[in-house]
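Dock chains B and C against chain A, hints included.
Top to bottom, those sequences are chains A, B and C.
First residue of the first sequence? That's 8 in this note's numbering, and the numbers climb one at a time after it.
First residue of the second sequence? That's 420 in this note's numbering, and the numbers climb one at a time after it.
First residue of the third sequence? That's 3 in this note's numbering, and the numbers climb one at a time after it.
All the given hints hold, so there is nothing to weed out.
If you want a taste of the chain B side facing chain A, the calculated C-beta under 8 Å gives, among others: (1) L431; (2) N432; (3) D435; (4) I457; (5) L460; (6) V464; (7) E467; (8) K468.
Computed list of chain C residues with no C-beta within reach of chain A, every gap over 12 Å: (9) K40; (10) R147; (11) G150; (12) G242; (13) I362; (14) N363.
Please keep in mind that the hints were generated in silico from the structure rather than gathered at the bench.
Note that the structure is a prediction, hence the values are computed from the model and not measured.
The beta carbon of each residue, even a glycine, is placed where N, CA and C say it ideally should be.
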Amino acid sequence: MKNYISSYCKIKNGTVIVNNNEVFRSEANDLKSVVKEIYRSIKPGYAKFFKMDDISKLGFIAAELMLKDTNLKNRYNDSEIGIVLSNSSSTIVTDSEFQDTIQDNNNYFPSPAIFVYTLPNIMIGEISIRHKFQGENAFFLNEKFDSIFISNYVNSLINNGKIKACLTGWVEYSENGYEALIYLVEQDGNTEHTEENINIIYNK
Amino acid sequence: MEKLKVQIIEQLNLEDMEPSDIENEEPLFGDGLGLDSIDALELIVLLEKEYGIKVEDPKEGKKIFESVKTLAEYIESRKN
Amino acid sequence: MSRKVYITGLGIVSSIGMNIEETFESLLAKKSGIKKPKHLTSVHKNDFVLGEIDISIDDLKNRLNIPENEAYSRTSMLGMLAAREAVNNAGIDNINEYKTGLLSASTVGGMDRSELYYRDFLTNDTHNKYIDIHHCGDNTEKIARDLGIKDFTSTISTACSSSINTIMFGARLIKMGILDRVIAGGVDALSKFTLNGFNTLMILDKEHCRPFDETRVGLNLGEGAGFVVIEADDIVNKSGKKPICEVSGYANANDAYHQTASSPDGNGAFMAMTNALKISGLSANDIDYVNVHGTGTNNNDLSEGIALKRLFGDNVPPFSSTKGYTGHTLGAAGAIETIFSALAIQNQVTYPNLNFKNTINDLGISPQTEVDKNSEVKHVLSNSFGFGGNNSTIILSKINNN
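Chain A on its own, in the form it takes in the complex:
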């Protein structure tokens, strides 16, 4: 069975591309400012955004932009929509932030709000809460974005009838930089969900 990429969002180096169109460009260098600028430009009116850690903000905002015109919720039940994401550095930046709050005995105020974000799948939780997606979800740690692995896995989930649509991709953030590709896989569409086509949008 063939599945298709029906929408995507790529964010890298301050540039936001949605379905082949550059929709936003930020001159800021740091992720914190970039995601805030994108948020201000699309105004989703979701105050909880500001409480998330930076990598969750990146995944959340990419999902927001990617889903914008898909009308997904009207076409599927909550439990038919899954999320499969991956990255390499887990939540390394947030881990360090939390470590800083417990490191110094004279300034020891560990933050619960930071701690809860020291797991990469919290990003999946945030997207699920926002859109009420309740289907199967997984977060994989791979050395680099593995389009063969992701396409096999997501295709099998859909082909086995576990879910009908899947939000998937790669959301990475470490001291070396940030990068997000989030795309939607469905049973209909024009761009087949293959390794080659994933790599084309990943390299945008």
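Quick look at chains B and C alone, frame taken from chain A:
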């Protein structure tokens, strides 16, 4: 109470809010400001960091954090 | 087309035993591994009881024959111990005789070393070799290298449900014919990082945890590793070895409610259990025992209990949380409890929920409190839930023809 509001906004990353947006007696949780359980825990950190007050039982927080007013009263009572 | 997936080997290390045999003895003897920690160096160490494994880093290295100067985290070494046992237990001599993969889970990775050398990372180069072993994938690579696995490795991180998901995903790869055999499980070592983190969430019980008790106030953290070997029925039959049980159902769903809290109606848990039953082709009343997630927090046990009642109605089967034995072992919990469930089927025995006294008023259901050797155990359901709303369920079944 104004100072407390600024502290709450900072501690909880309430980015789009001004102190004047928070009414003294408005519920902080539920329908009011819409804070959640993690925010409550952050408020406990705030009390310790800014006022040296330790709250040991999370259930205690429920009453203290009803509104900015109850929180201010609690801080006042613990000072004495 | 429809390959079955059998569990053929188990490997475990936790505060109640360094191997399967010791672990099973502790389970039957109602012996908890939770106590004041000896090896974790935290200013809080005297404030809490923990499911700590009584072995030092040096002794772990010795046991595994690792050269002293090589950088290994506690997490990696615990994982290697359990994974080696699982492979031996499955009677595997040549790991690459069949297409074999390793799927591992961890939530803290090499944090136990990183936090020790964190200051050095920032100021000098003396312990930089430990930076490379910080990430969760490092455990997986180390275990894969140790076992000689070449075909496929991956790391899953869905918080505390991670290692059930490795078994589920492994089972799928076997059913799809991509692999014939998978070593799946998870590992987490205790760290100051997690102890401080859970402490800020105010969900730690300073005394022994009391899952499903009206007076419960929180969980105890633990450490450990659990790995299972799962194989396709065709290669098991060919080898003539006796499998332990079948992985008959599995599912995960997202609660979509809150980053850390479970929903009041237990929706995610209910969906995961319902879908796992559907896949197994069983009905709710076929389940003989449920190993619940049962962390001992107010929120989890109430929400999970409500989900159990929604699924089983007035006939909730015997159930227990084994976290009173091991503490909550986070990324390892799903695999460790799957192993307890497999041992339940293999030995026809189910376990008590330690420290339980008072039924939760709002629930009206009570866990089993004694070892039960007299009931038939054909189908066991085990739950694992994680922060981020990931709720997973696995069902294990006795194999009929043996």
